[in-house]
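Each chain is listed here by its residues.
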Amino acid sequence: MESLRIPILKIGDILIASIQVNLHDASAVQFKDDLLQKIHATRAKGVIIDLTALDLVDSFIGRLIADIAAMAGLMGSRVVITGLQPAVAITLVELGLELPRVITALNLEKGLSVLQRLTAESGDGAA
Amino acid sequence: MGQPKSAVIRSDLDIVIARTMARDMAKALGFSAIDQARIATAVSELARNIYLYAGTGTVTVREVEKLGRKGIEIVCEDQGPGIPDIDLVMQDGYTTSRGMGMGLPGAKRLMDDFSIQSQVGVGTKVVLRKWRN
Chain A
1 MESLRIPILK IGDILIASIQ VNLHDASAVQ FKDDLLQKIH ATRAKGVIID LTALDLVDSF
61 IGRLIADIAA MAGLMGSRVV ITGLQPAVAI TLVELGLELP RVITALNLEK GLSVLQRLTA
121 ESGDGAA
Chain B
1 MGQPKSAVIR SDLDIVIART MARDMAKALG FSAIDQARIA TAVSELARNI YLYAGTGTVT
61 VREVEKLGRK GIEIVCEDQG PGIPDIDLVM QDGYTTSRGM GMGLPGAKRL MDDFSIQSQV
121 GVGTKVVLRK WRN
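One line per chain: the protein sequences are A and B, in this order.
For the first sequence, my numbering begins at 1 and goes up steadily by one.
For the second sequence, my numbering begins at 1 and goes up steadily by one.
Hint data in this document are derived by calculation from the structure and do not stem from the laboratory.
Heads up, the beta-carbon is just placed ideally off N, CA and C, and yes, glycines get one too.
Accuracy of the hints is not assured; some may be wrong.
Keeping only pairs whose Cα atoms sit at most 20 Å apart, straight-line, the calculated DMTMM-like set for lysine to aspartate or glutamate is [said to hold, decoys possible]:
no. : chain 1 : residue 1 : chain 2 : residue 2
1   : B       : LYS70     : B       : ASP112
2   : B       : LYS108    : A       : GLU98
3   : A       : LYS10     : A       : ASP34
4   : B       : LYS5      : B       : GLU73
5   : A       : LYS110    : A       : ASP34
6   : B       : LYS27     : A       : ASP55
7   : B       : LYS108    : A       : GLU94
If you want a taste of the chain B side facing chain A, the calculated C-beta under 7 Å gives, among others [as the list claims (entries may be wrong)]:
no. : residue
8   : ASP12
9   : LEU13
10  : VAL16
11  : ALA33
12  : ILE34
13  : ALA37
14  : ARG38
15  : GLU45
16  : GLY68
17  : LYS70
18  : GLN91
19  : ASP92
20  : GLN119
Chain A is nowhere near these chain B residues, computed Cβ spacing over 10 Å in every case [to be verified]:
no. : residue
21  : ALA28
22  : THR58
23  : SER115
Just chain A, with the same shape it has in the complex (with noise of 0.2 Å):
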């Protein structure tokens, strides 16, 4: 499980993460890390994070996903999170993180026109 990583692909301008594993500390951080670097290294516009496969988020995970959000904002990529279920929303907000600032989409597929309509708006600067 230590060496596990998560892979993360490049369609055009955009990545997308698709988390499939339970995913221990250590393994998120490192998909932080990688993910950071990776759009670095393609200059991606945005990023889909899709958590269909996700059976819990705790606070650990759920802190991590706002700093990614933050810290490719900062890079100035934009972040989406997609495919939150049911059982994670509720035990994410129970818990009392509301992630207020991530923008999140039912599915892969809406999340992929919210960040379109995203990266639109911010103009061509990494063209």
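Dock chain B against chain A, hints included.
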């Protein structure tokens, strides 16, 4: 009633093992998917507290029954430094580490019963219960 199950917490991998163990038992006891997520998340928070503050400890899950109602009980114990001011750590947003300070108050909100005993220099014991609808 089934046998209690225990997990020793020594690393961040053990946090995953403990919460998976709790979820499996909650599922076997007939808890809904949402309650399974609540239970597993509460265990994840407390197991991480053990890992961060005490280094090692144990998480034990067992089936319980009260007045004909079935439930799950989770006991998290460590022989760590203990908590000097429990009221303080039960406040939302209070943290001494890299967390968001959601661990204990968050776990309490996710469960039905919550009790904590702690003595400085001796350790901490948290007991959580959730009852099936």
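Evaluation of the provided hints:
| no. | hint | verdict |
| --- | --- | --- |
| 1 | LYS70(B) - ASP112(B) | 13 Å, holds |
| 2 | LYS108(B) - GLU98(A) | 17 Å, holds |
| 3 | LYS10(A) - ASP34(A) | 13 Å, holds |
| 4 | LYS5(B) - GLU73(B) | 11 Å, holds |
| 5 | LYS110(A) - ASP34(A) | 25 Å, violated |
| 6 | LYS27(B) - ASP55(A) | 13 Å, holds |
| 7 | LYS108(B) - GLU94(A) | 10 Å, holds |
| 8 | ASP12 | 4 Å, holds |
| 9 | LEU13 | 5 Å, holds |
| 10 | VAL16 | 5 Å, holds |
| 11 | ALA33 | 5 Å, holds |
| 12 | ILE34 | 4 Å, holds |
| 13 | ALA37 | 4 Å, holds |
| 14 | ARG38 | 6 Å, holds |
| 15 | GLU45 | 6 Å, holds |
| 16 | GLY68 | 27 Å, violated |
| 17 | LYS70 | 20 Å, violated |
| 18 | GLN91 | 11 Å, violated |
| 19 | ASP92 | 6 Å, holds |
| 20 | GLN119 | 25 Å, violated |
| 21 | ALA28 | 16 Å, holds |
| 22 | THR58 | 18 Å, holds |
| 23 | SER115 | 19 Å, holds |
Going through the hint list in order, the structure does not satisfy hints 5, 16, 17, 18, 20.
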